[in-house]
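2 protein chains.
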Amino acid sequence: MQLFYNKFIEGRNITLSRDESNHCVRVMRLSTDDIIYITNGKGTLCKSRITKPDKNACETEIIEAIDVPPERDCSLHIAISPTKSIERFEWFLEKATEIGTDRIIPLLCKNSERRTFNEERLKRVIIAAMKQSLKSWLPEITPFVSFENLVKKKFIGNKFIATANEPHGNNLGSLYQKGSDIIILIGPEGDFQKDEVKLAQNNGFIPVSLGKSRLRTETAGLVACCDVNLINLLH
Amino acid sequence: MQLFYNKFIEGRNITLSRDESNHCVRVMRLSTDDIIYITNGKGTLCKSRITKPDKNACETEIIEAIDVPPERDCSLHIAISPTKSIERFEWFLEKATEIGTDRIIPLLCKNSERRTFNEERLKRVIIAAMKQSLKSWLPEITPFVSFENLVKKKFIGNKFIATANEPHGNNLGSLYQKGSDIIILIGPEGDFQKDEVKLAQNNGFIPVSLGKSRLRTETAGLVACCDVNLINLLH
Numbered sequence: 001m002q003l004f005y006n007k008f009i010e011g012r013n014i015t016l017s018r019d020e021s022n023h024c025v026r027v028m029r030l031s032t033d034d035i036i037y038i039t040n041g042k043g044t045l046c047k048s049r050i051t052k053p054d055k056n057a058c059e060t061e062i063i064e065a066i067d068v069p070p071e072r073d074c075s076l077h078i079a080i081s082p083t084k085s086i087e088r089f090e091w092f093l094e095k096a097t098e099i100g101t102d103r104i105i106p107l108l109c110k111n112s113e114r115r116t117f118n119e120e121r122l123k124r125v126i127i128a129a130m131k132q133s134l135k136s137w138l139p140e141i142t143p144f145v146s147f148e149n150l151v152k153k154k155f156i157g158n159k160f161i162a163t164a165n166e167p168h169g170n171n172l173g174s175l176y177q178k179g180s181d182i183i184i185l186i187g188p189e190g191d192f193q194k195d196e197v198k199l200a201q202n203n204g205f206i207p208v209s210l211g212k213s214r215l216r217t218e219t220a221g222l223v224a225c226c227d228v229n230l231i232n233l234l235h
Numbered sequence: 001m002q003l004f005y006n007k008f009i010e011g012r013n014i015t016l017s018r019d020e021s022n023h024c025v026r027v028m029r030l031s032t033d034d035i036i037y038i039t040n041g042k043g044t045l046c047k048s049r050i051t052k053p054d055k056n057a058c059e060t061e062i063i064e065a066i067d068v069p070p071e072r073d074c075s076l077h078i079a080i081s082p083t084k085s086i087e088r089f090e091w092f093l094e095k096a097t098e099i100g101t102d103r104i105i106p107l108l109c110k111n112s113e114r115r116t117f118n119e120e121r122l123k124r125v126i127i128a129a130m131k132q133s134l135k136s137w138l139p140e141i142t143p144f145v146s147f148e149n150l151v152k153k154k155f156i157g158n159k160f161i162a163t164a165n166e167p168h169g170n171n172l173g174s175l176y177q178k179g180s181d182i183i184i185l186i187g188p189e190g191d192f193q194k195d196e197v198k199l200a201q202n203n204g205f206i207p208v209s210l211g212k213s214r215l216r217t218e219t220a221g222l223v224a225c226c227d228v229n230l231i232n233l234l235h
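Protein chains in written order, with my numbering: chain Z, 1 to 235; chain C, 1 to 235.
Bound-form chain Z, shown alone:
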């Protein structure tokens, strides 16, 4: 199955973007009448036939449109401070997309070492991971949000903040309620500051551990993502 991404799917025909056309026609060497799949990343998957294999604007005709249900009955939001090494953050984005998450919120904390990133580049990493894992749901990555703004924002569901100082008994897996929408905050390399944890608690966030190990930021994000997906699979 060859999966391509097109943000908008309307009508009976889809013209792929320049990047996707290039990948389809030049890299994959697909041509007229070849069958490809195109998703809008919002649960629509179209089985399509190539009608004009143009490497800048490949035209296709939809044969069948399929509604793909969301992967979980609940929504998983991971608010995470991007790592100093952007490579480690990109790795997190790839894995979170593969394993399954709905929204990634880059978090600006007091100890955050990285305070900028190339949004377009990160979106490309997520799109590539979605295509690779043949998903039809694209995780959203938002612009940077300050810690204070985020914790004060309304969120209906389970609210957690991962901290290294929490006893192992209070782990995410034990406290998260299966089927609930969830937001979890993951701190920067130097962890959250104490007053940040306090502010989160005052706004209804529960401090949790992610197990017995001292984890890097991107690993903590990954473990949170795995834990929520697993709990939702268990009987």
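If you're looking for bench data, these hints aren't it; they were derived computationally from the structure. Positions of the beta carbon are idealized from the N, C-alpha and C atoms, including for glycine. Among the hints, erroneous ones may be present.
[What the hints assert, rightly or not] Selected chain C positions facing chain Z (Cβ under 10 Å, derived; list incomplete): (1) E71; (2) W91; (3) K95; (4) G100; (5) Q132; (6) N171; (7) R214; (8) L230; (9) I231; (10) L233.
On the provided structure of chain Z, position chain C as indicated by the hints.
For chain C alone, kept in the frame of chain Z given last:
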């Protein structure tokens, strides 16, 4: 806490290896009377004092030796086909060490694209991850083992083989028994061949899924590692 690795700890003094001495004296600029921690990766952690800060052979004296208990009551073995991209496999090793695993067995399957690796380099990745996450237990990485030899080898505990074709209901998290020693087989980029799955089943391995997503090899290994650690944390 500055953690260093020394394979052998005997007597009252430890002389660090060339690599570790260089890191201690030249990179970290530690000197006489500075306190460092040294582990043998087998559960012994020594609080030590630098007596001779030589960048080729740093000498230390043990102040206190601490026995660090294993992270789990049970043993986790992940047998995994190394990925074509060695970088992806190194990521897996780093993360499996951080999150916690006991033995990694590079698996040679029919579809394996990578059939060699630099054992010393991979060991260094694991040692670095152990030090970074301040652990005193070093995961073992074995030489390559052929699929056939591995599945026929005796293993007392839960035995699983992860395959993409298994229904999501039969997932690792639901079938693994908390507290049991476990070995799980993770296939190469092209997955296991059907006769390999059959051979594993004939030798007592249970086919499992790792959730609803189509995962890359290294991601599958990570999810298995997370799942077993989480199940052992749950009440």
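Quick rundown of the hints versus the structure:
{"no.": "1", "hint": "E71", "result": "holds, 6 Å"}
{"no.": "2", "hint": "W91", "result": "holds, 6 Å"}
{"no.": "3", "hint": "K95", "result": "holds, 6 Å"}
{"no.": "4", "hint": "G100", "result": "holds, 6 Å"}
{"no.": "5", "hint": "Q132", "result": "holds, 7 Å"}
{"no.": "6", "hint": "N171", "result": "holds, 5 Å"}
{"no.": "7", "hint": "R214", "result": "holds, 5 Å"}
{"no.": "8", "hint": "L230", "result": "holds, 5 Å"}
{"no.": "9", "hint": "I231", "result": "holds, 8 Å"}
{"no.": "10", "hint": "L233", "result": "holds, 5 Å"}
Checked against the numbered hints given earlier, this structure breaks none of them.
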